[in-house]
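Student: Here's the letter readout for the chains.
Protein chains: 2
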Amino acid sequence: MHTSTALLTDRYELTMIDAALQAGTAHRRSVFELFARRLSGARRYGVVAGTGRFLEALERFRFGDDELRFLSENRIVSDAAVDWLADYRFSGDIWGYPEGEVFFPGSPLVTVESSFAEGVLLETLALSIFNYDCAVATAASRMSHAAHGKPLAEMGSRRTGEHSAVSAARAAYIAGFSSTSNLEAGRRYGIPTMGTAAHSFTLLHDSEREAFEAQVAALGTGTTLLVDTFDIEQGVRTAIDVAGTGLGAVRIDSGDLPVVVARVRALLDELGAQETRITVTNDLDEHTVAALASSPVDSFGVGTSVVTGSGTPAMGMVYKLVAHEDADGEWVSVAKKSADKASVGGRKSVRRLYNDQGVARAEVCLLGDGPGGESEGEDLGGRSREVLVPLVSAGETQSGHVGVEGIAAAKERHRRAVAELPPIAMSLTRGDPAIPTHYR
Amino acid sequence: MHTSTALLTDRYELTMIDAALQAGTAHRRSVFELFARRLSGARRYGVVAGTGRFLEALERFRFGDDELRFLSENRIVSDAAVDWLADYRFSGDIWGYPEGEVFFPGSPLVTVESSFAEGVLLETLALSIFNYDCAVATAASRMSHAAHGKPLAEMGSRRTGEHSAVSAARAAYIAGFSSTSNLEAGRRYGIPTMGTAAHSFTLLHDSEREAFEAQVAALGTGTTLLVDTFDIEQGVRTAIDVAGTGLGAVRIDSGDLPVVVARVRALLDELGAQETRITVTNDLDEHTVAALASSPVDSFGVGTSVVTGSGTPAMGMVYKLVAHEDADGEWVSVAKKSADKASVGGRKSVRRLYNDQGVARAEVCLLGDGPGGESEGEDLGGRSREVLVPLVSAGETQSGHVGVEGIAAAKERHRRAVAELPPIAMSLTRGDPAIPTHYR
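Residue numbers (numbering that gives the first Met the number 0), protein chains in the order written: chain A, 0 to 439; chain B, 0 to 439.
These aren't lab readings, by the way, just hints derived from the structure by calculation.
A few of these clues could be false.
[Unchecked claim] Listed next, with one range per pair, are the computed distances between beta-carbon atoms:
(1) A/E274 x B/E385: 33 to 41 Å
(2) B/A292 x A/D86: 27 to 35 Å
(3) B/V258 x A/D431: 28 to 36 Å
[What the hints assert, rightly or not] Not close to chain B: a few residues of chain A, all C-beta gaps over 10 Å, as computed:
(4) G91
(5) D378
(6) S398
(7) R439
[What the hints assert, rightly or not] According to the in silico footprint, chain B covers these stretches of chain A (three or more CB under 8 Å from chain B):
(8) 173–186
(9) 322–334
(10) 356–363
(11) 382–396
(12) 406–419
For every residue, glycine included, the Cβ atom is placed at its ideal position computed from N, Cα and C.
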């Protein structure tokens with residue numbers, strides 16, 4: 000395990016720098032944008048997640064002796080490039096959508112202004128983080144809405160790479176989940192952790208009753224007992240018999256949930272355990288969560304679907320050069336011309352427009368001198384707000400975007416941003432973005 | 000970044016241990032199996048990947064002061080459990096399918112025999128690794144077959160979490176890919192790295208010609224020039240004009256590939272560049288690779304689809320208690336009874352059966368005393384071989400399964416295992432497993 004993030008990148012970033020250094024073009028001021036051409040999965044909106052992680056990874060983006068030795072010994076770049084990399088420290092500016100914000104096709108989640116070499120080097124790392132974290136957060140946001148305010152726990156660590164699991168817990172929490180089963184996410188990001196018990200715990204003991212007794216003895220009657228290892232009805236009866244009517248919750252992990260949940264609720268009530276909650280965890284996604292809206296479920300545990308973006312495991316983000324200075328120091332807007340992969344060149348600032356009721360109605364990308372430039376404050380007709388914020392200024396990470404503080408701010412920002420969207424945004428069907436993106 | 004892997008797990012593993020310690024059941028000898036109930040995505044076979052990574056992660060599965068402090072301060076487990084965790088070091092036995100081997104529904108990829116507490120603790124970490132790595136390797140193996148021997152490069156780092164990217168490069172390499180764009184995978188696992196250039200490199204320069212000149216000057220004529228930033232035909236002409244007919248390769252990243260590739264090949268030949276290769280990279284998966292079988296493509300770069308398991312981002316692995324000693328020290332086979340999640344209890348050894356032509360015809364799980372036991376060598380009628388190998392014995396990792404050596408062995412093992420499968424295994428359509436799994 001290496002703490003440097005510098006090699007979490009594609010080889011071609013470094014060979015491009017090598018070639019540009021030799022050609023004298025590496026130091027041209029350049030603007031890169033990270034954006035999605037479309038919302039993968041035909042989502043109605045996307046959720047920005049990964050910003051804080053990206054800024055933390057940027058701090059550790061340094062080529063130490065180990066990294067440089069690998070590059071030299073394998074002749075990946077020339078000695079001149081190795082020397083340049085040894086001194087690498089991002090010194091440019093980064094603007095972006097703040098974490099937790101919603102986004103749409105073309106939204107520049109990150110705008111990097113620096114030399115070409117400094118900016119191109121961050122392409123793969125930035126995309127890895129945002130493609131994964133945004134996919135998880137976007138799925139999680141839909142699930143949060145589908146749950147109608149009932150708490151959701153992220154329990155998918157086992158269904159994604161062991162480090163992605165920690166990122167997924169963070170992204171889901173920002174997008175509305177209440178807790179995670181992942182301990183590292185608890186330690187690293189201060190996210191509340193939760194857990195019940197596995198079927199193996201029941202099976203280990205000589206009877207379900209002995210297993211429940213062991214769990215209640217250790218964790219108290221407020222614990223959650225897993226009641227479906229053998230027969231659910233008997234499991235519920237045993238659970239209340241062992242823990243009493245003050246049992247915290249029962250968990251159901253199999254069966255036709257709407258039917259099973261209704262029966263378990265009726266049985267708990269009949270046994271006098273009106274306060275005992277029901278949590279369900281059987282391969283849920285936003286659609287099955289929504290289908291349980293009228294069931295007496297108290298909380299949901301979601302695994303596979305949230306950590307794999309519910310059918311969209313990567314958000315389709317790209318990182319593109321949109322402007323640079325030419326040989327004469329003049330700014331040039333650029334874009335690839337291929338018909339199927341067109342993008343809009345040029346520096347942009349972004350404004351979100353609202354109607355008179357405060358509902359978002361459009362995302363406007365203003366082509367011009369970019370964020371913080373002259374277009375700021377320009378009258379676009381009606382209420383609007385600037386979306387982009389400075390994330391890094393002259394190499395210095397701006398406060399409030401990283402660590403536990405950044406996560407709390409992102410979670411609250413997400414809640415507000417979603418509340419401003421038009422009702423169609425909450426549709427779980429595939430369709431067009433909830434608001435259009437215009438370019439001016 | 001913490002080098003301990005001990006918190007890459009779900010909270011409930013630790014609370015179960017806490018309860019089992021208090022109940023006196025934590026030390027019961029137990030057997031856990033990691034297996035897939037079915038082949039996700041209706042694949043014809045699965046590919047084992049992640050074994051070496053799991054064994055390496057197991058070596059670092061230690062609760063240090065930082066981990067223990069987090070557990071204590073957050074009252075996740077009792078002081079007695081904290082003390083037990085402080086001394087944790089896996090001391091049991093692990094058998095498994097060796098990495099690179101193919102597997103089928105029910106195949107015990109990993110069999111852990113230890114105390115309940117020692118074994119249950121590894122559930123989440125093992126599943127995270129195998130669910131992701133096997134999904135990637137299984138997709139990669141299909142792509143390798145579809146490419147008919149032409150080299151495939153893994154270029155999907157940007158489409159999965161930044162650490163999963165390194166795992167994906169490793170899994171794809173084992174399953175038949177030739178190289179990766181990921182530098183950390185090159186450093187950590189010795190996998191050959193490759194790279195071309197991005198559109199941003201062309202756009203940075205004042206013309207495509209200047210960009211090509213810069214790249215050829217730095218990287219030599221053997222490099223690969225990206226020719227589709229503007230007009231592909233003009234791009235190819237410029238590339239040969241700049242590099243000469245000795246140009247290594249051109250890369251095409253957009254357009255209707257069968258048509259474009261044929262035109263580019265004809266143009267290269269017309270320009271005298273018969274030896275210049277063509278590499279394509281436009282959102283490929285096993286189906287588009289197969290569709291290019293008769294096109295003059297020389298190599299493929301695959302991104303999103305391989306690192307996201309081509310529609311199956313998690314392999315559907317579970318980790319289940321299948322046997323344990325009871326209060327009297329007698330072995331008991333156990334299995335959850337829920338109809339939709341049934342599994343087969345008991346210790347197993349596994350034999351692969353062949354027909355007279357050496358083609359695999361069945362996977363047989365022998366219920367009994369487990370791997371290395373008396374059923375070894377039993378006559379099953381016709382040719383067969385043992386599949387399980389010892390991975391960890393009394394806590395000691397067996398040699399040959401980790402590091403660069405383990406990867407090389409796994410890659411060769413995969414090649415041999417796939418070659419033994421019946422022809423239906425190579426079908427890209429959804430369907431039944433290529434061979435059945437029997438239990439005796």
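Student: Look at the Cβ atoms of A/E274 and B/E385 and judge whether their distance stays inside 33 to 41 Å.
Tutor: violated, 54 Å
Student: Taking the Cβ atom of B/A292 and the Cβ atom of A/D86, is their distance within the range 27 to 35 Å?
Tutor: violated, 47 Å
Student: Are all C-beta atoms of chain B more than 10 Å from that of A/R439?
Tutor: holds, 23 Å
Student: Run the C-beta distances from A/D378 to all of chain B and say if the shortest one exceeds 10 Å.
Tutor: About 33 Å separates A/D378 from the closest Cβ of chain B, which puts it past 10 Å; holds.
Student: Under 8 Å between beta-carbons, do enough residues of the segment 382–396 of chain A, three at least, approach chain B for the coverage claim to hold?
Tutor: violated (count 0)
Student: Between the segment 406–419 of chain A and chain B, are there enough contacts, at least three residues with CB-CB distance under 8 Å, for the coverage claim to hold?
Tutor: Violated: only 0 residues of the segment 406–419 of chain A have a Cβ under 8 Å from chain B.
Student: Residue count check for the segment 356–363 of chain A against chain B: does it reach three with CB-CB under 8 Å?
Tutor: Violated: only 0 residues of the segment 356–363 of chain A have a Cβ under 8 Å from chain B.
Student: Beyond 10 Å on every Cβ pair: is that true for A/G91 relative to chain B?
Tutor: Check passes; 15 Å lies beyond 10 Å.
Student: Cut-off 8 Å, C-beta pairs, minimum 3 residues; does the coverage of the segment 322–334 of chain A by chain B stand?
Tutor: Coverage by chain B holds for the segment 322–334 of chain A (5 residues, Cβ < 8 Å).
Student: According to the definition I'm using, a residue is off the interface if its beta carbon is farther than 10 Å from all beta carbons of the partner; does A/S398 meet that for chain B?
Tutor: For A/S398, whose nearest Cβ neighbour in chain B is about 22 Å away, the distance exceeds 10 Å, so it holds.
Student: Look at the Cβ atoms of B/V258 and A/D431 and judge whether their distance stays inside 28 to 36 Å.
Tutor: holds, 30 Å
Student: Please count how many residues of the segment 173–186 of chain A have a CB within 8 Å of a CB from chain B and say whether that reaches 3.
Tutor: holds (count 6)
Hints 1, 2, 10, 11 and 12 from the list above are not met by this structure, while the remaining hints are.
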